[in-house]
Amino acid sequence: MRKSETGLVLCLLTSLLLLLNSLTHVGYAPFVIDFGLSADPLSVTVVAGGSGQSTLNVSAKGNTGNLPVDLSTFYSISGVVTDLDPQQVIIPPSLGEWHYNQSTLTISSNINAAPGIYTLTVYADFGTTVKNVNITLTILPAGQRNMTVGGRIAFDNVPTMVAVYMAFTGTVAVLAVCVSVATRKKPED
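When the letters of the sequence shown are read in order and numbered with the numbering used here, they come out as residues 483 to 671.
Quick caveat, the hints were computed from the structure, so don't treat them as lab data.
For every residue, glycine included, the Cβ atom is placed at its ideal position computed from N, Cα and C.
Hints may be right or wrong, so weigh each one.
Computed beta-carbon distance windows for the label pairs [unchecked claim]: (1) Gly625 x Ile599: 14 to 24 Å; (2) Ile515 x Ser590: 33 to 43 Å; (3) Ile599 x Ile515: 33 to 43 Å; (4) Pro623 x Gly547: 45 to 55 Å.
Given only the sequences and the hints, what does the whole structure look like? Please build it.
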């Protein structure tokens with residue numbers, strides 16, 4: 483074989499090896515079909531001076547190539563701070579199915595935070611797209627505890643509630659006796 487033929491054969495073999503190497507990695511090339519972000523729970527209640535948590539579920543469908551996703555929060559609530567643990571999650575690669583990772587959002591309120599219902603938004607930056615989810619934050623006055631009744635939040639001020647209940651039932655009982663006495667017929671002598 484001549485020198486030029488040997489060079490041509492080596493060039494062809496190298497090209498073939500590069501082509502085969504590329505073909506074996508085609509199935510692993512990053513190609514993301516869809517992204518997702520959700521929170522559980524979507525509603526967090528804290529007492530002024532306390533804190534609450536929500537789990538953030540970050541997902542991607544397709545081969546993510548170990549996609550890093552940056553998380554952040556946006557809100558305009560005086561006296562509230564948030565913490566994301568971790569602030570960046572990695573979505574592991576897959577061949578087209580959904581893959582997930584999680585972060586914990588902690589919402590802390592200082593004692594001077596104004597009671598009320600607020601919206602806090604969490605953002606997930608996937609690099610090519612940004613997803614968001616809204617979380618409803620309820621701040622209760624300091625010293626209050628919350629009690630859920632039939633899926634609704636009621637303030638738990640037990641001593642006052644017991645006193646009102648006792649006064650109401652006592653009044654009803656006394657009225658019932660008065661009505662009974664007033665409407666009772668006297669036996670005729």
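Hints, verified against the model:
1. Gly625 x Ile599: 14 to 24 Å: 19 Å Cβ-Cβ, so the 14 to 24 Å window holds.
2. Ile515 x Ser590: 33 to 43 Å: holds, 37 Å
3. Ile599 x Ile515: 33 to 43 Å: holds, 36 Å
4. Pro623 x Gly547: 45 to 55 Å: Hint holds: Cβ distance 49 Å, inside 45 to 55 Å.
The structure fails none of the hints (numbered hints given earlier).
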